[in-house]
Amino acid sequence: MLVLRTFSKLYGMAGARLGLAIGHPQLLARLERFGGHNVVPSPTAHAGLESLRDDDLVPRRKQQNAEVRERTIAWLRQQGFRCTASQSNCFMVDMRRPAELVIAELEKQRVHVGRPWASWPNWVRVTVGSEEEMQAFRSAFASVSRRHQVAMR
375 MLVLRTFSKL YGMAGARLGL AIGHPQLLAR LERFGGHNVV PSPTAHAGLE SLRDDDLVPR
435 RKQQNAEVRE RTIAWLRQQG FRCTASQSNC FMVDMRRPAE LVIAELEKQR VHVGRPWASW
495 PNWVRVTVGS EEEMQAFRSA FASVSRRHQV AMR
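Residue numbering for the sequence shown follows my numbering, starting at 375 and increasing by one per position.
These aren't lab readings, by the way, just hints derived from the structure by calculation.
Do not take every clue at face value.
To be verified - In the SDA-like style, the derived pairs of lysine to any residue whose C-alpha atoms are separated by at most 25 Å in a straight line are:
#: 1; residue 1: K482; residue 2: N463
#: 2; residue 1: K383; residue 2: G454
#: 3; residue 1: K383; residue 2: S416
#: 4; residue 1: K383; residue 2: M508
#: 5; residue 1: K482; residue 2: P472
#: 6; residue 1: K383; residue 2: C464
#: 7; residue 1: K383; residue 2: Q509
#: 8; residue 1: K482; residue 2: V518
#: 9; residue 1: K383; residue 2: P415
#: 10; residue 1: K383; residue 2: S460
#: 11; residue 1: K383; residue 2: I477
#: 12; residue 1: K383; residue 2: S425
#: 13; residue 1: K383; residue 2: Q400
#: 14; residue 1: K383; residue 2: G422
#: 15; residue 1: K436; residue 2: S425
#: 16; residue 1: K436; residue 2: G386
#: 17; residue 1: K482; residue 2: G389
#: 18; residue 1: K436; residue 2: L384
#: 19; residue 1: K482; residue 2: Q509
#: 20; residue 1: K383; residue 2: L431
#: 21; residue 1: K383; residue 2: T501
Turn these sequences into a full structure, and let the hints steer you where they fit.
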C-alpha cells in the first residue's frame with residue numbers, strides 16, 4: 375500500500391510543490407527510480423510541518439470549502455444550470471454547449487476553469503476557491519451566460 379498526500383489546496387500551500395509518500399521501504403525504494411530524492415526548501419518543509427501541527431486547519435478549511443461550494447452551486451442552479459453533486463473542492467456545470475467556448479470566454483475575463491473533457495464535452499469543471507474568487511467566477515459566468523443565453527430556463 376502507498377499513501378500519498380499533497381499540501382496544496384486544503385493545506386493552503388498550492389504552488390509549494392510539497393507532498394509526502396508513506397509506504398513499505400521496498401516500495402518507496404522502487405519509486406525513487408522515477409524521480410530520486412526531492413530536496414524540499416527549508417521554508418516549505420517548515421510550513422508543511424506547521425500545517426500538520428494545526429489540528430483545526432483541515433476541518434476549518436473543509437467547512438469553508440463546503441460553504442463556498444454549496445453557495446456557488448445553489449447560485450448556478452438558480453440561474454438554470456445543472457451541476458454535479460460534490461463533496462470535494464470541485465464540481466461540474468452543464469453548459470448545454472461546447473465547454474471549450476465557455477472556457478475561452480471566461481479566460482477573457484481572467485477566470486480560469488478546468489479543461490474540456492472528451493466524455494463530457496458540454497460540461498465545465500469548476501474548482502472551488504475563496505469566497506472572493508468564487509464571486510469573481512459568478513460575475514464572469516453571469517456575463518458569459520447573458521451574452522450567449524445558455525441557461526436552461
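Measure nothing beyond the straight line between the CA atoms of K383 and S425; if it is 25 Å or shorter, mark the hint as holding. Holds, at roughly 12 Å.
Original post:
Keeping to a limit of 25 Å between CA atoms, is the pair of K383 and G422 held or broken?
Top reply: Satisfied, since the Cα-Cα distance of roughly 12 Å is no more than 25 Å.
**Report entry** Straight-line alpha-carbon gap K482 to P472, limit 25 Å
**Finding:** holds (16 Å)
Proposed proximity, L384 with K436 (alpha carbon, max 25 Å):
With Cα atoms ~7 Å apart, K436 and L384 stay inside 25 Å; holds.
Q) K482 and Q509: Cα distance at most 25 Å? A) holds (16 Å)
Check: Is K436 within 25 Å of G386, Cα to Cα?
Finding: The hint holds at about 11 Å.
Exercise for the section: Would you check the hint for K383 and S416, treating anything up to 25 Å between C-alpha atoms as holding? Expected result: It holds: about 20 Å lies between the C-alpha atoms, which stays within 25 Å.
(message) Given the hinted pair K482 and G389, is their Cα-Cα distance within 25 Å?
(response) Distance ~23 Å between K482 and G389 Cα, so the pair holds.
Run the distance test for K482 versus V518: straight-line Cα separation, threshold 25 Å.
holds (10 Å)
- Item | Straight-line alpha-carbon gap K383 to Q400, limit 25 Å | violated (30 Å)
Given the hint that K383 pairs with G454, does the C-alpha gap stay at or below 25 Å?
Not OK: K383 and G454 at ~29 Å, beyond 25 Å, violated.
Q. Is the straight-line distance between the alpha-carbon of K383 and that of P415 25 Å or less?
A. holds (19 Å)
Checked against the numbered hints above, the structure breaks hints 2 and 13 and satisfies the rest.
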